[in-house]
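**Q** Using the sequences plus the hints, can you model the full thing?
Here is what each chain is made of, one letter per residue.
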Amino acid sequence: MLALESLTKSFDGARARQVLRDISLQVPDGEYIAIMGESGAGKSTLLNLIAGLDRPDAGRVVLDGEDLTLLDDAACTRLRRVKMGFVFQAFHLLPHLSVERNVALPLALNGVVGRDAAVRIDEMLAAVGLSECRHDSPAKLSGGEMQRVAVARALIHKPSLVLADEPTGNLDADSATEVLELLRSQLKRDRATGILVTHSTIAAATADRVYRLSARGLRQE
Amino acid sequence: MAAATRVVLDASVFGPLRHAPGRTVLAIAAIALGVALGFAIYLINRVAADEVSLAARSLFGLADLAIESNGGFDEALYPRVARIEGVEVASPVVQVEAKLIGQRGALTLLGMDAFRSRRLQPAFARFAETLSRDESDGSSSSKQAVYLSTSAAQGLGLSAGDTLRVQVGLRPEEFEVAGVLPPVALQDRAGVIDIATAQWKFDRLGRLSRINLRLAPGASPARVQQSIEKILPAGARVVAPGQAADEALRLSRAYRSNLTALALVALFTGGFFVYSTQSLAALRRRREFALLHALGITRREQLVLTLLGGAIVGVAGAVLGVALGIAIANLGLNVLGADLGAGFFRGITPSLQWHWLEAAVFCALGAGVAIVGTLQPALDAAQIPTAAALKSGDVASGQVRTRWPLVITLLVAAVAALLLPPVAGLPLPGYVSIALLIVGAVVAMPAILQRLLAAAPRGQSVPWEISISHLRGTARYATLSVSAIVVSFSLMVAMAIMVMSFRNSLDAWTQRILPADLYVRAGSVGQSSHLSETDVAALRSIPGVARLEVSRLTEVSLPENLGTAALVARDIDARQASRVLWIEKQTDKPTPPDAVPVWLSEAAADLLKLPVGAEFDMLIGERPVKASIRGVWRDYEHQRGAIVMERAAYVRLSGDRAINTVWMWLEPTASVEAVQQQVRDLLPQADYDLRTPRELRQLSLQAFDRTFAVTYALELIAILIGLFGISAGTSAQVLARRAEFGVLRHIGLTRAQIASTLAIEGAGLGGLGVVAGLVTGGLVSLILVYVVNRQSFHWSMDLFVPVGLLATLSLALIVSASLIAVFSGRQAMREDAVRVVKEDW
Numbered sequence: 001m002l003a004l005e006s007l008t009k010s011f012d013g014a015r016a017r018q019v020l021r022d023i024s025l026q027v028p029d030g031e032y033i034a035i036m037g038e039s040g041a042g043k044s045t046l047l048n049l050i051a052g053l054d055r056p057d058a059g060r061v062v063l064d065g066e067d068l069t070l071l072d073d074a075a076c077t078r079l080r081r082v083k084m085g086f087v088f089q090a091f092h093l094l095p096h097l098s099v100e101r102n103v104a105l106p107l108a109l110n111g112v113v114g115r116d117a118a119v120r121i122d123e124m125l126a127a128v129g130l131s132e133c134r135h136d137s138p139a140k141l142s143g144g145e146m147q148r149v150a151v152a153r154a155l156i157h158k159p160s161l162v163l164a165d166e167p168t169g170n171l172d173a174d175s176a177t178e179v180l181e182l183l184r185s186q187l188k189r190d191r192a193t194g195i196l197v198t199h200s201t202i203a204a205a206t207a208d209r210v211y212r213l214s215a216r217g218l219r220q221e
Numbered sequence: 001m002a003a004a005t006r007v008v009l010d011a012s013v014f015g016p017l018r019h020a021p022g023r024t025v026l027a028i029a030a031i032a033l034g035v036a037l038g039f040a041i042y043l044i045n046r047v048a049a050d051e052v053s054l055a056a057r058s059l060f061g062l063a064d065l066a067i068e069s070n071g072g073f074d075e076a077l078y079p080r081v082a083r084i085e086g087v088e089v090a091s092p093v094v095q096v097e098a099k100l101i102g103q104r105g106a107l108t109l110l111g112m113d114a115f116r117s118r119r120l121q122p123a124f125a126r127f128a129e130t131l132s133r134d135e136s137d138g139s140s141s142s143k144q145a146v147y148l149s150t151s152a153a154q155g156l157g158l159s160a161g162d163t164l165r166v167q168v169g170l171r172p173e174e175f176e177v178a179g180v181l182p183p184v185a186l187q188d189r190a191g192v193i194d195i196a197t198a199q200w201k202f203d204r205l206g207r208l209s210r211i212n213l214r215l216a217p218g219a220s221p222a223r224v225q226q227s228i229e230k231i232l233p234a235g236a237r238v239v240a241p242g243q244a245a246d247e248a249l250r251l252s253r254a255y256r257s258n259l260t261a262l263a264l265v266a267l268f269t270g271g272f273f274v275y276s277t278q279s280l281a282a283l284r285r286r287r288e289f290a291l292l293h294a295l296g297i298t299r300r301e302q303l304v305l306t307l308l309g310g311a312i313v314g315v316a317g318a319v320l321g322v323a324l325g326i327a328i329a330n331l332g333l334n335v336l337g338a339d340l341g342a343g344f345f346r347g348i349t350p351s352l353q354w355h356w357l358e359a360a361v362f363c364a365l366g367a368g369v370a371i372v373g374t375l376q377p378a379l380d381a382a383q384i385p386t387a388a389a390l391k392s393g394d395v396a397s398g399q400v401r402t403r404w405p406l407v408i409t410l411l412v413a414a415v416a417a418l419l420l421p422p423v424a425g426l427p428l429p430g431y432v433s434i435a436l437l438i439v440g441a442v443v444a445m446p447a448i449l450q451r452l453l454a455a456a457p458r459g460q461s462v463p464w465e466i467s468i469s470h471l472r473g474t475a476r477y478a479t480l481s482v483s484a485i486v487v488s489f490s491l492m493v494a495m496a497i498m499v500m501s502f503r504n505s506l507d508a509w510t511q512r513i514l515p516a517d518l519y520v521r522a523g524s525v526g527q528s529s530h531l532s533e534t535d536v537a538a539l540r541s542i543p544g545v546a547r548l549e550v551s552r553l554t555e556v557s558l559p560e561n562l563g564t565a566a567l568v569a570r571d572i573d574a575r576q577a578s579r580v581l582w583i584e585k586q587t588d589k590p591t592p593p594d595a596v597p598v599w600l601s602e603a604a605a606d607l608l609k610l611p612v613g614a615e616f617d618m619l620i621g622e623r624p625v626k627a628s629i630r631g632v633w634r635d636y637e638h639q640r641g642a643i644v645m646e647r648a649a650y651v652r653l654s655g656d657r658a659i660n661t662v663w664m665w666l667e668p669t670a671s672v673e674a675v676q677q678q679v680r681d682l683l684p685q686a687d688y689d690l691r692t693p694r695e696l697r698q699l700s701l702q703a704f705d706r707t708f709a710v711t712y713a714l715e716l717i718a719i720l721i722g723l724f725g726i727s728a729g730t731s732a733q734v735l736a737r738r739a740e741f742g743v744l745r746h747i748g749l750t751r752a753q754i755a756s757t758l759a760i761e762g763a764g765l766g767g768l769g770v771v772a773g774l775v776t777g778g779l780v781s782l783i784l785v786y787v788v789n790r791q792s793f794h795w796s797m798d799l800f801v802p803v804g805l806l807a808t809l810s811l812a813l814i815v816s817a818s819l820i821a822v823f824s825g826r827q828a829m830r831e832d833a834v835r836v837v838k839e840d841w
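Chains as they are written, first to last, in this note's numbering: chain A, 1 to 221; chain B, 1 to 841.
Hints in this document: simulated from the structure, not taken from any laboratory.
Only a predicted model underlies this, so the values are computations on that prediction, with no experimental measurement involved.
The reader is advised that the hints may include incorrect statements.
[To be verified] Have a look at the derived ranges for each label pair, beta carbon to beta carbon:
id	chain 1	residue 1	chain 2	residue 2	range
1	A	G111	B	L452	50 to 60 Å
2	A	R55	B	V372	29 to 39 Å
3	A	D57	B	R451	53 to 63 Å
4	B	L811	A	H199	52 to 62 Å
5	B	R403	A	R55	19 to 29 Å
6	A	A75	B	P405	49 to 59 Å
7	A	A3	B	R451	49 to 59 Å
[To be verified] A short, non-exhaustive set of chain B residues, derived as facing chain A with CB atoms under 7 Å:
id	residue
8	V7
9	R18
10	H19
11	T298
12	T386
Idealized CB from N, CA, C, for every residue including glycine.
**A** In structure tokens form, the structure reads like this:
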């Protein structure tokens with residue numbers, strides 16, 4: 001269960017402004033939700049707060065009973081390592097690691113190695129349709145293929161929460177559809193909670209519930 | 001778990017190293033070069049020092065103590081010492097520096113008593129007995145026997161049965177080489193003859209140079225020393241064998257220390273290069289670091305992993321550097337000798353030996369420098385704001401911050417360090433000041449760069465506009481690239497100015513102290529060769545000779561155990577000393593009636609720590625003399641210090657009428673060649689130097705260039721490492737800018753225009769680095785000239801700036817930087833414009 005309780009966040013500087021005000025949300029285990037909103041509405045900021053990559057000015061982020069806002073950076077990082085997976089708009093694959101090694105990285109960080117790891121990597125690469133490219137470097141892949149690797153990396157260690165920030169923003173329509181279907185099917189297969197941040201109504205339509213983030217707050221559509 | 005660690009290491013450490021093999025190799029090479037030079041210089045110095053110590057020690061055999069005196073002492077002391085309680089064996093020695101005929105330099109000859117020396121130097125007592133037998137049998141009436149040490153035999157190219165020819169005064173003496181001693185018997189470049197022969201042939205009848213002493217078991221060395229000191233004549237002292245070794249090394253210490261410092265400069269530059277490449281990598285990999293943090297690698301783990309990357313580069317470079325260092329040391333010893341061409345250890349031919357512990361220390365040093373160089377970039381990497389960096393990887397590359405309080409603190413500390421005295425005779429505060437100044441310049445670079453870029457003119461051309469905009473937008477990258485040049489180029493500028501100042505000062509000094517038309521020189525300080533007054537009278541009678549001046553070179557004992565200095569007794573008018581000496585300071589105060597006027601070289605003045613006008617006691621032979629310091633003069637010849645006094649006073653005090661140097665002024669109409677021929681006709685058998693001032697000047701400059709040859713090599717390597725910095729910086733940026741170049745190609749820029757853009761950026765960075773390097777290097781050169789050299793060698797010099805050389809170097813560096821930038825970018829220019837625009841990483 002993910003619970004956001006009265007989250008508030010402002011940014012300082014020349015153009016100081018309050019991005020999020022009193023945001024509350026409960027996402028039951030296994031649910032896949034989409035958050036839509038205009039540019040600058042605070043979608044990515046909200047995602048960063050959920051991931052523990054940024055700190056709210058007020059409010060709490062509770063994942064499986066643990067308040068992330070009370071954890072220090074190292075504890076938060078360890079929690080992310082075990083319980084979260086990420087898919088980014090810009091793929092963010094490590095350029096010097098092969099496809100297989102990129103996917104294996106979260107397993108390695110969680111100490112899963114040997115036969116267990118090999119079996120899970122084989123399954124995941126087969127699931128995303130990239131078994132043939134396992135030894136290739138990311139530079140040799142197309143955009144859609146890179147994002148499928150990113151999905152595999154986000155899910156390989158069976159996290160309880162997957163955060164996807166505009167995962168189709170850099171993809172053509174066919175590749176986008178492919179990736180969205182893959183993401184949903186894998187989330188449902190693993191019964192993981194998913195939060196998709198997107199501009200696209202087509203992408204948002206693949207989620208169980210859709211929310212809209214605006215200056216007035218977070219509203220379900 | 002090991003497999004997990006491997007994947008994480010692959011992601012964070014090995015992968016990035018493999019991903020940019022060129023930069024990794026350059027970083028390893030930079031550390032390797034620094035370690036190699038440091039280790040090579042250390043090994044050569046250590047091997048030479050070991051050899052010199054061993055050689056000096058071997059002259060004493062198994063002695064516990066020795067009595068010695070610079071001018072020697074009466075042999076009547078020997079039986080009195082031998083009877084002192086606690087002395088088990090006393091072995092008298094006559095030691096002479098026999099001037100070799102037909103070659104430069106002298107050979108140490110030890111006159112030994114076979115019976116007495118047997119228990120102190122058993123390894124060659126057997127040979128000494130043979131010498132004594134020959135002597136008593138009268139078996140060799142014309143030639144006396146000499147046993148040569150292995151190094152002397154090799155150095156002189158002599159073996160058993162050959163003849164050793166030396167000169168006493170201008171009289172030739174011949175010795176038959178009876179055999180070659182094994183290295184274990186005598187390490188020094190020396191020969192052993194019978195003590196009576198030594199006294200007879202070298203005009204030392206009734207005199208001894210040293211008495212080696214072996215104490216009885218259980219005897220207290222301190223008590224025996226006290227008993228001996230009660231009966232010692234003036235000038236004689238009791239020494240432990242180790243002191244002789246220390247004295248032998250003292251002369252070359254400043255040279256060796258400065259060479260080591262210069263080698264460590266290369267390592268410092270290498271460390272800075274690692275800092276520069278790691279900082280660039282940290283900037284380039286911002287999103288990678290952010291991603292790894294998002295995936296679950298803590299900041300502390302990131303710090304450790306980044307440091308591990310630096311340590312791997314450091315260890316790889318250090319191991320390579322140690323291997324390279326051993327090879328360079330071997331080459332240096334074989335080609336240049338143990339003193340790297342400086343002429344301190346003639347005749348010393350050590351073989352290279354190294355120990356694992358030494359190699360491990362230098363490995364640790366290289367790895368340590370790389371880790372220190374990585375520390376700040378690693379801390380930066382561990383503090384990257386994850387969310388922001390994932391959104392836009394390059395957000396921080398344009399942000400620069402100048403820590404003005406730190407810059408000011410560093411510069412103030414640099415000036416304060418200059419006020420400190422040398423440490424253990426070495427100019428360590430001077431070096432600290434140089435390091436602080438350079439670090440201060442590097443820290444100040446961001447602000448300087450920003451101001452210069454802000455002042456750059458706009459609207460020249462498209463490549464110019466793109467270049468300047470890019471440099472402004474990526475000021476952190478630019479600062480790092482420029483800093484690498486500032487470090488290496490400032491050191492090169494400083495060394496070039498210092499070397500030129502030294503060389504020109506030496507040249508000017510040589511011309512000033514060589515005012516005559518012709519010079520005759522027989523022997524040097526402590527050597528057996530010299531001219532007599534009769535010889536000089538004969539020279540005076542040569543037609544065409546207008547006038548002569550003469551000098552005697554010998555040694556004088558300084559007070560308070562300060563050791564010895566060279567004594568130059570010469571014809572000099574006390575009221576016009578500046579006519580023949582380069583006077584730095586002098587006094588008009590009258591000389592006290594009970595003192596002799598003397599002029600101290602700068603080294604002697606520093607040793608005595610007395611002002612001009614002061615008086616001190618010294619010993620000429622065994623005779624105490626009160627000296628009044630009339631002035632201090634510049635001297636580049638006698639490193640341990642020299643004292644000039646009037647020859648007439650010297651003859652009166654010592655009775656020594658020998659002469660080493662004759663200055664000859666010729667009549668305006670006389671032919672130098674004709675006079676030279678007449679000198680040779682007058683002194684046909686003798687070995688002496690007969691030279692014109694021009695030849696002497698050439699010889700001294702050749703010796704200077706030989707001595708500094710190795711420093712030029714070290715400088716070139718430092719600048720090479722600096723160019724690595726430009727290359728690494730540019731290639732890192734070009735990789736990051738492939739998409740930008742792709743866009744530029746899309747909108748119509750030709751490859752040539754992109755090349756121009758890169759060339760302008762490279763030249764701009766090179767130019768900024770050169771200007772900053774010239775300013776910083778100029779300041780460093782002032783410290784080298786006026787502080788480090790003065791404290792190391794006790795020599796003043798005048799400042800000369802090699803404008804032409806610096807202009808050429810500056811131009812070469814700017815052109816190199818420009819070419820390297822274009823070369824590094826050629827790959828980006830070749831790539832498909834469409835593909836790179838679509839590419840994400």
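**Q** If a hint holds in the structure, say so; if it does not, say that too.
**A** Hints, verified against the model:
no.: 1; hint: A/G111 / B/L452: 50 to 60 Å; result: 52 Å, holds
no.: 2; hint: A/R55 / B/V372: 29 to 39 Å; result: 33 Å, holds
no.: 3; hint: A/D57 / B/R451: 53 to 63 Å; result: 38 Å, violated
no.: 4; hint: B/L811 / A/H199: 52 to 62 Å; result: 55 Å, holds
no.: 5; hint: B/R403 / A/R55: 19 to 29 Å; result: 27 Å, holds
no.: 6; hint: A/A75 / B/P405: 49 to 59 Å; result: 35 Å, violated
no.: 7; hint: A/A3 / B/R451: 49 to 59 Å; result: 53 Å, holds
no.: 8; hint: V7; result: 3 Å, holds
no.: 9; hint: R18; result: 6 Å, holds
no.: 10; hint: H19; result: 4 Å, holds
no.: 11; hint: T298; result: 4 Å, holds
no.: 12; hint: T386; result: 5 Å, holds
Of the hints listed earlier, those the structure fails to meet are numbers 3 and 6, in rising order.
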